[in-house]
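Here is how the chains run, residue by residue.
Number of protein chains: 2
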Amino acid sequence: MSTLQQTIHQMGQQARAAAHRLSQLSSDEKNAILRAMAAALRARVPELLAANALDLEAGKAKGLSGAMLDRLKLDEARVEAMAAGIDQVATLPDPVGQVLDDWTRPNGIRIEQVRVPIGTIGIIYESRPNVTADAAVLCFKTGNATILRGGSEAIHSNRAIAEALSSAGAPDHAIQLIPFTDRESVAVLAGMDKWLDLIIPRGGKGLIETVVSLARMPVIKHYDGICHLYIDKSADLAMSAKLAVDSKTQKPGVCNALETLLVHESIAATALPVIAAALRAKGVELRGCAKTQAVLTDVVAATEEDWTTEYLDLILAIKIVASQEEAVAHINDYSSHHTDCIVTTDPAAAEKFLREVDSACVFHNVSTRFADGGEFGFGAEIGISTDKLHARGPMGLRELTSYQYRVRGNGQTKA
Amino acid sequence: MSTLQQTIHQMGQQARAAAHRLSQLSSDEKNAILRAMAAALRARVPELLAANALDLEAGKAKGLSGAMLDRLKLDEARVEAMAAGIDQVATLPDPVGQVLDDWTRPNGIRIEQVRVPIGTIGIIYESRPNVTADAAVLCFKTGNATILRGGSEAIHSNRAIAEALSSAGAPDHAIQLIPFTDRESVAVLAGMDKWLDLIIPRGGKGLIETVVSLARMPVIKHYDGICHLYIDKSADLAMSAKLAVDSKTQKPGVCNALETLLVHESIAATALPVIAAALRAKGVELRGCAKTQAVLTDVVAATEEDWTTEYLDLILAIKIVASQEEAVAHINDYSSHHTDCIVTTDPAAAEKFLREVDSACVFHNVSTRFADGGEFGFGAEIGISTDKLHARGPMGLRELTSYQYRVRGNGQTKA
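For the protein sequence lines, the chains are A and B, in the order given. Numbering of the first sequence is given in my numbering, commencing with residue 482 and proceeding in unit increments. Numbering of the second sequence is given in my numbering, commencing with residue 482 and proceeding in unit increments.
Just so you know, the hints here were simulated from the structure itself, not pulled from any lab data. A few of these clues could be false.
Repeated chains share a single entry, so a pair holds when one copy, or any two copies, can fit it.
Stated by the list, open to error - Taking lysine-lysine pairs in the DSBU-like style, the calculated list, with each CA pair at most 30 Å apart, reads:
1) 732 to 895
2) 511 to 675
3) 686 to 541
4) 895 to 554
My request is simple: use the sequences and hints to build the entire structure.
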């Protein structure tokens, strides 16, 4: 066994032991440690910035882009934002211990379904060092031990942040950072189902694909967001333009931004020019199907590829559909099942859409940008799951828990 | 691409299409089809028995054991039991459509979390042909399309059962049986995450290990049951003996049967002779730690292997522990986290045990044999999950569902 394997396996065993201790902490104990973690980050600003400077220097030498360097960069304000985020997590209700269900059987046994921590969670992520704090802290709040494996670009920053968090009174090994950043460390982690209950990859499609193909334990995935807005024949025109503009342009580079607009053909000639003008005023490039080109003569032709592309940019694909059925069929085929919305004043059409579209979030007359743990009121978000098992859509603290059945009797036997 | 791959991929695409249609059926429509499935099995008894005769003949020629042949065998009573099981599933409440949560945000958007089907489920199983009906019907009730891959021994029986079920008015391809039984078909199914949302392997450890190592989609596992009974220092002696006997002997070959007995040392000299006599009267072979051998001088020495063995037989390992802490530590180390029980008259000891043992089912003064979907009142059971994600412990209909967020607004934008 290589040193890398030995080290990571040992971290796994230590995480399992830490998880048992974490599961027994009260909410008050966990919250006090969380506030101490925030204080530790604030107290260590100079060390954190010094570690970050090493990463930035190495990044510049490697020729990282300005955008990449900006994602890497820590400054006093960013450290304060991390610390404030931890203080905020300390104020959230603790889902652990919540009784989900409770009933008595005819033979008198009482069955209680209670939320408990999952146990040990691996987080594999790429460049942003703040993920080290964000992910570890949400797992800690829910009584889980974490093993973090960040990207090589941020290794010094990640190490400094993990050390600060670990200095705040949490049980030993509650938060561990893997000291290796090579690909093999991902493979070792993904094979370690004895000690790791869950892996959450946070990053691009390539990273997620790698983890999925290697992992022996459950993986919660956050794939891309190919989100749709369907303008029904009974849509309000002003609202349609407003929601299209907000969904597409309010923050184009994120997973809940709009990528494809579907318009009912009976309203297309009236609606499309208004919507297109509003989008173009915000600098959006439009690409359309043949029917769209007949209405908006100056748009580029959309190809099959456009229906499957997450632009994450000021580009929008437009398709005119003959019916709501065609819109729903297009969405169920091409959507990444993240978030899809109908704009309509017809309640029956809305309810039919919400029932028929197979996506994590289905919206009626709301910007797709609201598909977000914060906007849902979860107070914290570990990601947006495009899976259907365990967690679907925005994931908050509840989604970092499991449950167990606690059964109380007075000597019941089956014989 | 091989014919096998092409066939299974096509079944995947068809299952996805069927899942969309299934998700739109009302509970009444599904229940009517379920009753028609039961009627189809009853009407086809001669065909089912003829198909089964081919399997039995091939099994005899292959030299299958009497026990294996008995598992394979169908007769009129067993077909009737399958049909009656389906009629029973038709009477259960349908979880699909249930509103799990419902709230309004300060900006006026209303968020509803609603149970929906998972979509498409692969079931990989071994010899018993009744699994074909049991699994497919529970998936159908919850609006999921199934792809079944049974073992080669039962292929004729499985095909006849699947044909009968498919003749009862369900949407096309709602229930499909893979016509191949070689190992490659498992690999193809496990790689097909585009069309399959979940795989449930039902069978031995070898089958589950294979599926886990190949699967790109979530797998719900039902590993073994190394269940413990801990006799606390404040245990009632008669109840201890009664629960040990029931847990160990009422049906020794199943996953919720007892495998290891832990006894507090302060009660061991009094309790162990009574419990041992009761177990021996039922023919149980006892193996014990050194301290146990000091009390029960005629028991065989238990080795490290005994603590990790699921006997599924009339054998019991016994260990004397110095404290409840030692009992809990032993369980958390050696249990398969299926079901573990404390026998005590001390409520504080019981609550501490329930809180500290990290298993799907933690019991106080109840036979471990009650860890079962039927005994929990679920009405149906697809298995007992030893996973912590999505479903833990006995899995009924609810565990075959996902959820989606349905959000209703009146034009809310983020900008």
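Checked hints:
In this assembly of identical chains, residue 732 and residue 895 lie within 30 Å of each other by CA distance solely across copies; the values are 10 Å between and 60 Å within a copy. In the homo-oligomer, the alpha carbons of residue 511 and residue 675 lie at most 30 Å apart inside one protomer (26 Å), although the nearest pairing across protomers, at 40 Å, exceeds that limit. In this homomeric assembly, residue 686 and residue 541 come within 30 Å of each other (Cα to Cα) only inside a single copy, at 25 Å, whereas the closest approach across copies is 51 Å. With identical chains, the CA atoms of residue 895 and residue 554 are at most 30 Å apart between copies only, with a shortest distance of 27 Å across copies and 63 Å within one.
The structure shown violates none of the earlier numbered hints.
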